[in-house]
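Given the coordinates of chain X, assemble chain R onto it according to the supplied hints.
Here are the chains, one letter per residue:
There are 2 protein chains.
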Amino acid sequence: MPELRKDPITDRWVIISTERGKRPVFFIEEPPPPKVGMCPLCPGNENMTPPEVYAIRPDSPKPNTPNWSLRVVPNKFPALRIEGELNKEGEGLYDKMNGVGAHEVVIESPSHGATFTTMTLPDVQQVFIAYRERILDLTKDTRFKYIMVFKNHGSIAGASLDHSHSQLIALPIVPKRVLEEIKGSFAYYRYKDRCIFCDIIAQERDDKVRTIIENDLFIAISPYASRFPFEVWVLPKNHEPYFEKHDREDSYFGLGEILSLILKKYEKVLNYPPYNFIIHSTPHGEKDGEYYHWHIEIIPRLTKMAGFEWGTGFFINPTPPEEATAYLKEVSL
Amino acid sequence: MPELRKDPITDRWVIISTERGKRPVFFIEEPPPPKVGMCPLCPGNENMTPPEVYAIRPDSPKPNTPNWSLRVVPNKFPALRIEGELNKEGEGLYDKMNGVGAHEVVIESPSHGATFTTMTLPDVQQVFIAYRERILDLTKDTRFKYIMVFKNHGSIAGASLDHSHSQLIALPIVPKRVLEEIKGSFAYYRYKDRCIFCDIIAQERDDKVRTIIENDLFIAISPYASRFPFEVWVLPKNHEPYFEKHDREDSYFGLGEILSLILKKYEKVLNYPPYNFIIHSTPHGEKDGEYYHWHIEIIPRLTKMAGFEWGTGFFINPTPPEEATAYLKEVSL
Chain X
2 MPELRKDPIT DRWVIISTER GKRPVFFIEE PPPPKVGMCP LCPGNENMTP
52 PEVYAIRPDS PKPNTPNWSL RVVPNKFPAL RIEGELNKEG EGLYDKMNGV
102 GAHEVVIESP SHGATFTTMT LPDVQQVFIA YRERILDLTK DTRFKYIMVF
152 KNHGSIAGAS LDHSHSQLIA LPIVPKRVLE EIKGSFAYYR YKDRCIFCDI
202 IAQERDDKVR TIIENDLFIA ISPYASRFPF EVWVLPKNHE PYFEKHDRED
252 SYFGLGEILS LILKKYEKVL NYPPYNFIIH STPHGEKDGE YYHWHIEIIP
302 RLTKMAGFEW GTGFFINPTP PEEATAYLKE VSL
Chain R
2 MPELRKDPIT DRWVIISTER GKRPVFFIEE PPPPKVGMCP LCPGNENMTP
52 PEVYAIRPDS PKPNTPNWSL RVVPNKFPAL RIEGELNKEG EGLYDKMNGV
102 GAHEVVIESP SHGATFTTMT LPDVQQVFIA YRERILDLTK DTRFKYIMVF
152 KNHGSIAGAS LDHSHSQLIA LPIVPKRVLE EIKGSFAYYR YKDRCIFCDI
202 IAQERDDKVR TIIENDLFIA ISPYASRFPF EVWVLPKNHE PYFEKHDRED
252 SYFGLGEILS LILKKYEKVL NYPPYNFIIH STPHGEKDGE YYHWHIEIIP
302 RLTKMAGFEW GTGFFINPTP PEEATAYLKE VSL
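Protein chains in written order, with our numbering: chain X, 2 to 334; chain R, 2 to 334.
Everything labelled a hint here was simulated from the structure, so no lab data went into it. Keep in mind that the hints are not guaranteed to be accurate.
Note that the list lumps identical chains together, so a pair holds whenever it fits in one copy or between two copies.
Unchecked claim - Computed cross-link-like contacts, DMTMM-like style, restricted to lysine to aspartate or glutamate with a CA-CA straight-line distance of at most 20 angstroms:
no., residue 1, residue 2
1, 193, 289
2, 269, 30
3, 193, 30
4, 89, 215
5, 7, 181
6, 63, 31
7, 288, 142
8, 177, 310
9, 238, 207
10, 265, 331
11, 23, 324
12, 7, 324
13, 89, 324
14, 63, 217
15, 97, 200
16, 146, 268
17, 177, 12
18, 184, 96
19, 184, 12
20, 330, 258
21, 193, 12
Here chain X stands alone, though its shape is the one from the complex:
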């Protein structure tokens, strides 16, 4: 069983994947090249994944067979386990709990080589609908305090399979970074009676120098204090606390439009970079959603710049967000 352990100094929780137990050789040797035709996420190989928990199948209703356009399956090598009660325990001055949670893989397309930039917008929209459906389902499980949706694109960004996919992790705690954002935006709300993200959007629309693109519903900006070169946030223009309570499905269409445009711009400007994106949304245990505003943070992994930042939480960004904005805005697609 994996464990969640708390750093006693900073109260940061870490998942220790005891079952995976990666030995040193894992970090030293190159992984074997993937076998052609043996992608476990491709149609026809449904038996290579755990049974699906959600799928979009326009024609056939039979689960775990081909002819799907999107599938969600439990991760075969989960960081957390769905079974069991949540047990919290001390270990001397330390605190831990057993690694109860869910870890799912969203297979975004049946096509092995598809990406968010080659898929049609309705297909991208489907992916967001799948996120929502899985979040709403997992939220019913009272053991889970936060559902994190993220995507690793490219092996440098942590993807272990080529076939385009994203991941959901349901956690028995709210991660520290999310708590900090909630705390910060709550403090602002108490002081100003306004959502800080709404105020940021208003200022960015005035300033213009960090706004890359917008449509009716969404805006993409380079954040003022960007940690990483070409970091981009995509936010709904109107106040929306929860990603998953977006009930007008056309808003996911608008989101897909903006996100795929940003990724196309990355491809042109940064030559197909690996990237991560993470959905930040109000934890469902928060009393109300007045002060937090869901958004997606996209980080291209331009690793040459990585440094001591990872260990200290302190970042040096060599590309001002205003310059990154200009490059992304002006590139022709």
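Below, chain R alone, put in the same frame as chain X:
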């Protein structure tokens, strides 16, 4: 002039290096191979660095000439600038200050290929003495609130030059991660009247499963909630708030002994991994040093495991610290 900008939601400061202004091509193209014999950190090339601010020269007292055994020079491409008053300014709802600070390079050895594992222990000791001298000097400048000492070893860990070196950054703010540690250890101290690091050391010496090695003065442990596989902390066994107030120089000898042993163990177990280390010490503005305990955090950069963690502050560690300890403890050197 570089800028320090604050993320308005989480209060995290970021250095935006406006002068460097790295264009997209920088992230795409491979850097040109270094020119042989043209290392700016090698003896004979003293004119290729800014004039030295500290040096150890057993024979010749003349600065910026060869025959040194260690040199400290300002970084030629500093993230922060030493000149000017500290100006704090608003920009709508955002906050910034000009990038006043110091950024220095410690050239640890005249030998181009030397590393902490090939240098003699007295030479490693010299490096720590140099850190102390530079910290004590920079601390006199009242504009600086925190001096951060760190080392990037290997290009994956962010080193842009092969010649073994470390860096000092003097900052006009205390970085968020350091503040969090101070806050956490202060809360523990108020509750228990004891230093949390002293308690951790006591528990680890009892438990044994995460203690890798110790000598008279220092102990090396795998932290209970390790964020990264094979992360190691080196701590003085007795309570010591400040790295730089270590007035018995033989304690730096003992530190060098432990640190170079850990790095030798990394070389054997992890096949010469790139790594970062960071010295964590009490900010000199803290009222007293009862509650914080300086230490060095070492992170081997086994990048295949990097993932969404960087963006969220949430870590999944695939190697339990107890297993990492066993590998590091048992390897014969």
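(message) Please sort residue 177 with residue 310 into within, between, both or neither, judging by C-alpha distance up to 20 angstroms.
(response) Classified as both: same-chain Cα gap 17 angstroms, cross-chain 12 angstroms, threshold 20 angstroms.
(message) Cα distance capped at 20 angstroms. Does residue 330 pair with residue 258 within a copy, between copies, both, or neither?
(response) within (15 angstroms within a copy, 53 angstroms between copies)
(message) Checking an output row: residue 288 and residue 142, CA cutoff 20 angstroms. Within, between, both or neither?
(response) Cα proximity of residue 288 and residue 142: one copy only (18 angstroms, versus 46 angstroms across).
(request) Go through the copies and call it for residue 7 and residue 181: within, between, both or neither, with a Cα cutoff of 20 angstroms. (result) Answer is both: 16 angstroms inside a copy and 14 angstroms across each meet the 20 angstroms cutoff.
(request) At 20 angstroms max between alpha carbons, let me know whether residue 238 reaches residue 207 within a copy, between copies, both or neither. (result) within (14 angstroms within a copy, 55 angstroms between copies)
(request) Using 20 angstroms as the alpha carbon limit, work out where residue 177 and residue 12 are close: within a copy, between copies, both or neither. (result) Both. Shortest intra-copy (8 angstroms) and inter-copy (14 angstroms) distances satisfy the 20 angstroms Cα cut-off.
(request) Please work out whether the CA atoms of residue 89 and residue 324 approach to 20 angstroms or closer within one copy, between two copies, in both situations, or in neither? (result) neither (48 angstroms within a copy, 22 angstroms between copies)
(request) Could you figure out if residue 89 and residue 215 sit no more than 20 angstroms apart (CA to CA) within one copy, between two copies, both or neither? (result) So residue 89 and residue 215 fail the 20 angstroms test inside a copy (45 angstroms) and across (32 angstroms) alike.
(request) Since the copies are identical, ignore which copy is meant and state whether residue 193 and residue 30 lie within 20 angstroms (CA to CA) inside a copy, between copies, both or neither. (result) Answer is neither: 54 angstroms inside a copy and 46 angstroms across each miss the 20 angstroms cutoff.
(message) I want to check one pair: residue 184 and residue 96. Are their C-alpha atoms no more than 20 angstroms apart within a copy, between two copies, both, or neither?
(response) For residue 184 and residue 96, the Cα distance is within 20 angstroms only across copies (18 angstroms; inside one copy 23 angstroms).
(request) Tell me, please, which holds for residue 269 and residue 30 at an alpha-carbon limit of 20 angstroms: within, between, both or neither? (result) between (32 angstroms within a copy, 14 angstroms between copies)
(message) My question is about residue 265 and residue 331: at a cut-off of 20 angstroms on alpha-carbon distance, are they close within one copy, between copies, both, or neither?
(response) So residue 265 and residue 331 pass the 20 angstroms test inside one copy only (13 angstroms; across, 50 angstroms).
The structure shown violates the earlier hints numbered 3, 4, 6, 13, 14 and 16.
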